[in-house]
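Chain residues, written in single-letter form:
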Amino acid sequence: MAESAKDKVKYKILKALDVSGFTAFDPVIRLIFGEEPQKQLQAIVKYLVIPFFFVLACLWIWTWMGPRHKTKSGEVPTPDIVWESAVINDTIADREEIKEQDFLLEGVEREAALAEVTKEYAVLSEEVKRLKELVATAEAEKAELEAKAIGPIQEKHDALKAEYKLAEKERDEGIAAISEEVAAGKADTASLIAAIRDDGVATDAERAELSALKSQIDEIRSQKYKPLEEARKSYDKVADAQFFMKTRLEFLDKRNLTVKLDEAQSKLDGYMTDLASAGSAKDALKIAKRAVKAEESVDRLEGQEYASAVTIYHQTKRSIFTVFVGFFMAAFVAIPVGIMCGLNKIFMACLTPIISVFKPVSPVVWLLIFQIVVGAFFPDPENHALLNFLNELPLISSLEINPALIFSACTVAMCAVWPALVNTALGVSSIDQDHINVARVLRLGFWNRLFKIVIPSALPLVFAGLRISLGVGWMVLIAAEALSSSDGLGKFVWDEYQNGSSLTFANIIMVCFVVGIIGFLLDRMMIVLQRFVSFDGGGTSV
Amino acid sequence: MMTLKKWVTTAGAALALSSLHGEMLDLEKDELKFGFIKLTDCAPIVIAKEKGFFEEEGLQVEVIAQPNWKQLLDNVINGELDGAHMLSGQPIAATIGFGTEAHIITAYTLDLNGNGITVSNAIWEQMQENDPALDTDTPAHPISAEGLKPIVEEKLEEGEKLQMGMVFPVSTHNYEIRYWLAASGIHPGFYTSEDKKGFTNAQVELSVTPPPQMPATLESGNISGYCVGEPWNQQAVAKGIGVPVTTNYDIWKNNPEKVFGVNAKWAEENPNTHIAVVKALIRAGKWLDETDDSGTLVNREEAVRILSQPNYVGADFDVIKNSMTGYFYFQKTDKREMPDFNVFFKYHSTYPWYSDGIWFLTQMRRWGQITEPKPADWYHEVAKKVYRPDVYLEAAKHLLEEGHIEESDIPWETDGYKPATDEFIDGVLYDPKDPIGYLNSHEIGNKDS
Numbered sequence: 001m002a003e004s005a006k007d008k009v010k011y012k013i014l015k016a017l018d019v020s021g022f023t024a025f026d027p028v029i030r031l032i033f034g035e036e037p038q039k040q041l042q043a044i045v046k047y048l049v050i051p052f053f054f055v056l057a058c059l060w061i062w063t064w065m066g067p068r069h070k071t072k073s074g075e076v077p078t079p080d081i082v083w084e085s086a087v088i089n090d091t092i093a094d095r096e097e098i099k100e101q102d103f104l105l106e107g108v109e110r111e112a113a114l115a116e117v118t119k120e121y122a123v124l125s126e127e128v129k130r131l132k133e134l135v136a137t138a139e140a141e142k143a144e145l146e147a148k149a150i151g152p153i154q155e156k157h158d159a160l161k162a163e164y165k166l167a168e169k170e171r172d173e174g175i176a177a178i179s180e181e182v183a184a185g186k187a188d189t190a191s192l193i194a195a196i197r198d199d200g201v202a203t204d205a206e207r208a209e210l211s212a213l214k215s216q217i218d219e220i221r222s223q224k225y226k227p228l229e230e231a232r233k234s235y236d237k238v239a240d241a242q243f244f245m246k247t248r249l250e251f252l253d254k255r256n257l258t259v260k261l262d263e264a265q266s267k268l269d270g271y272m273t274d275l276a277s278a279g280s281a282k283d284a285l286k287i288a289k290r291a292v293k294a295e296e297s298v299d300r301l302e303g304q305e306y307a308s309a310v311t312i313y314h315q316t317k318r319s320i321f322t323v324f325v326g327f328f329m330a331a332f333v334a335i336p337v338g339i340m341c342g343l344n345k346i347f348m349a350c351l352t353p354i355i356s357v358f359k360p361v362s363p364v365v366w367l368l369i370f371q372i373v374v375g376a377f378f379p380d381p382e383n384h385a386l387l388n389f390l391n392e393l394p395l396i397s398s399l400e401i402n403p404a405l406i407f408s409a410c411t412v413a414m415c416a417v418w419p420a421l422v423n424t425a426l427g428v429s430s431i432d433q434d435h436i437n438v439a440r441v442l443r444l445g446f447w448n449r450l451f452k453i454v455i456p457s458a459l460p461l462v463f464a465g466l467r468i469s470l471g472v473g474w475m476v477l478i479a480a481e482a483l484s485s486s487d488g489l490g491k492f493v494w495d496e497y498q499n500g501s502s503l504t505f506a507n508i509i510m511v512c513f514v515v516g517i518i519g520f521l522l523d524r525m526m527i528v529l530q531r532f533v534s535f536d537g538g539g540t541s542v
Numbered sequence: 001m002m003t004l005k006k007w008v009t010t011a012g013a014a015l016a017l018s019s020l021h022g023e024m025l026d027l028e029k030d031e032l033k034f035g036f037i038k039l040t041d042c043a044p045i046v047i048a049k050e051k052g053f054f055e056e057e058g059l060q061v062e063v064i065a066q067p068n069w070k071q072l073l074d075n076v077i078n079g080e081l082d083g084a085h086m087l088s089g090q091p092i093a094a095t096i097g098f099g100t101e102a103h104i105i106t107a108y109t110l111d112l113n114g115n116g117i118t119v120s121n122a123i124w125e126q127m128q129e130n131d132p133a134l135d136t137d138t139p140a141h142p143i144s145a146e147g148l149k150p151i152v153e154e155k156l157e158e159g160e161k162l163q164m165g166m167v168f169p170v171s172t173h174n175y176e177i178r179y180w181l182a183a184s185g186i187h188p189g190f191y192t193s194e195d196k197k198g199f200t201n202a203q204v205e206l207s208v209t210p211p212p213q214m215p216a217t218l219e220s221g222n223i224s225g226y227c228v229g230e231p232w233n234q235q236a237v238a239k240g241i242g243v244p245v246t247t248n249y250d251i252w253k254n255n256p257e258k259v260f261g262v263n264a265k266w267a268e269e270n271p272n273t274h275i276a277v278v279k280a281l282i283r284a285g286k287w288l289d290e291t292d293d294s295g296t297l298v299n300r301e302e303a304v305r306i307l308s309q310p311n312y313v314g315a316d317f318d319v320i321k322n323s324m325t326g327y328f329y330f331q332k333t334d335k336r337e338m339p340d341f342n343v344f345f346k347y348h349s350t351y352p353w354y355s356d357g358i359w360f361l362t363q364m365r366r367w368g369q370i371t372e373p374k375p376a377d378w379y380h381e382v383a384k385k386v387y388r389p390d391v392y393l394e395a396a397k398h399l400l401e402e403g404h405i406e407e408s409d410i411p412w413e414t415d416g417y418k419p420a421t422d423e424f425i426d427g428v429l430y431d432p433k434d435p436i437g438y439l440n441s442h443e444i445g446n447k448d449s
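Read top to bottom, the protein sequences are chains A and B. Just so you know, the UniProt record's numbering puts 152 at position 152 of the first sequence, and the rest follows in order with no gaps. Just so you know, the UniProt record's numbering puts 220 at position 220 of the second sequence, and the rest follows in order with no gaps.
Bound conformation, chain A alone (with noise of 0.2 Å):
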């Protein structure tokens, strides 16, 4: 009894596997319930240890190459540092939230919280002095090295230099002379050209050899001094924290929302005093006034909030979102209209030509398109009634959406609709004849055929259009991010080109892992959708 218990949890597990396509991991699960231990050691070996052992062979490739394909932008960035920036982006989205919660603190926390604060201040201003301190002294380090490799160089190139002037006016001497010849006639006119191209031949040589000395210097000065890169970074991320620590302060005293509140407040009680007593007519109206606007500052601090800039999370989160509600157009337009193009020949051809034309136009195109289009629905953003309709509905208010997320979404759906409208009409199509004559036998009506024999048999393919779909919409979305400026992961991407600091390559690398993890997880999600809708029980490919 107690045997089939356990094998009814294996056989869950390994349905789930199966289902969610991991099937690599199943020999894993066999070996723990002592499955044919050898054979499945034998698979784990095969199927998992020695790919977990290639992608650490490739990691190890990409820690080895990376530092030695120099750019102008800077190394190629090794794991660690790639590792390093999301941990930088992890802890920007942390300073976020630690500055709102200040921002919200109130009475004795506030209080406490603004005491610890300062003594961090405290501690880390001292610290950014000594760092600063040891920055300047790797820095006359350098300099001092520098100063010794490059000073006989340089020497020798002043007195390269001061040689070839001399030669070359030399050389100038020669010419005049035998141009004076030549004028004279004693001299033939051939001898004054070669003198002259061999001048330009020896001056090309000399410049060719003071450049190369040049470049050996530059090539000195971009090198760059450890000790002085190492105390720099230090210094950097301590007078971050410190200045982080500033704003804190900030936010947790002056601008504080229970700080500003209270001072409102107390302005507005001043005024209601004030006025109670007030002398005449005049006066009191004067007060009056401005009790009122007092009491409408209270009111606006009231529904104060904090005004977070954008993390990482965030943009994630509204790539997403944008993502998904792109599919759902597409998908919202693709199945019936596949649907159709699969029943009705005549509808089929007349839309071959449009499905043909459209289908390979570039995401680029169709932004652009609907940012020009869409851009016309919404002539005033602010004030729009669907926007604002959106915009505070509960789970989606903070994503922010404007129009920027809607024609990025549009332009998902547009590159999205077609493997699902090729693959639903083909689904469709490709009905099994014994089914459809077994609707005729039944007799059974259009919509009733539709929902009992077309739609469940095409449903596999139908899925597998959408996980294309919705595979080609994550790429397309980036891209349309990036363009568009509209918040999300492509943004991000972007921003970060423009920023061109020196986190700017690891922060794309990052992207592009956090990219591929995401759309891997959507494509696994749309094949356990699609396991479930299939009842032949087929393999999904990976």
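No lab work stands behind these hints, which were simulated from the structure alone. Here a beta-carbon is modelled for each residue, glycine too, at the ideal position from N, C-alpha and C. None of the hints are false.
Looking from chain B toward chain A, a few residues come up when the C-beta cut is under 7 Å (computed): (1) A65; (2) P67; (3) D316; (4) K332.
For this one, chain A is given, so just place chain B on it according to the hints.
Below, chain B without anything else, positioned relative to chain A:
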């Protein structure tokens, strides 16, 4: 104090309602979105937000990076943004209908100077060959385009035109690089009613590239030089891909650079909000230019710390720091003190001068962006349509009452015209009262009678 009193009584009579001492303005709108381009001269907007100056005016402001100048302008026109960091030429061009037409106004000049012209290493070497005086690690400034001329001519003989980059057709950068080239007799090309790219008769072709992409475009060899704001010149030095040859301080000393532009319709609907925004910006500008007794800029390092955050300019702290704290690297070996490289408040720089607008209009006419000759009155009219010192002075008056600024910070009594100046690289006199005369005093460019 006398002058102030006079001013307060005249202006105050007209605006009696808002003259409550130290009161918050009656804001029409308190949640605002401002756009900016990743350049250090967006600093006043970023500082006003980060240091809480907007908050103190009761404004909740979101500051959003824009991909390029065109999209920024479009977003201000379509209402997606309430205001933005703009090129001085943008409100003017939009108002007169060059490019996208819309009435854009400005009541605040963000900064002076701040641009540089960078050429690629190869061009710099050739320039050094052409002019031995440049062949040192610390050549004398200002460097004119004389050394570039033989290169341009050589290229022309080969049937090619030297390609250079600027950031927008109506950008300060376009007019500056044109001025620099033309001052040495190199024709940068005319705009005509058909040629919207400005290549007609050009010896050097200037094309548009967004600022952050400049270094990459230079590196890829598509252009041989560019004129752009910071940190993109220092970035070229840091990456070793180019050499800044001159800054716009040398082309025109203390030239106006960026403005804070808003839609005229928006300003009409939200007059008090506009004043509150300008108030916060004035305070930010003053904060940025605050000095200690020895004249060192005390707040700039903190400003750089803020600007180097990835959601603002995002370049490395050390790169932004150079120009913002008063230094400029012309080469890795050539670090110079340039205390006025970025001016955010000094010299009454934040006042919206009519004379600035007129200079840009003369340049638009000089290069054919304005295709028809216009009478002198037209220049003054347009400048007065775009530049709004009334809003600025109203904001300043509030700040003075609240004790945030001093009376000497603001040119209360000016008629909006700076005195005539000849502090240009070619020494030509610019008298803002005589735009036509100025137009005709240049050798290259359209002339009107």
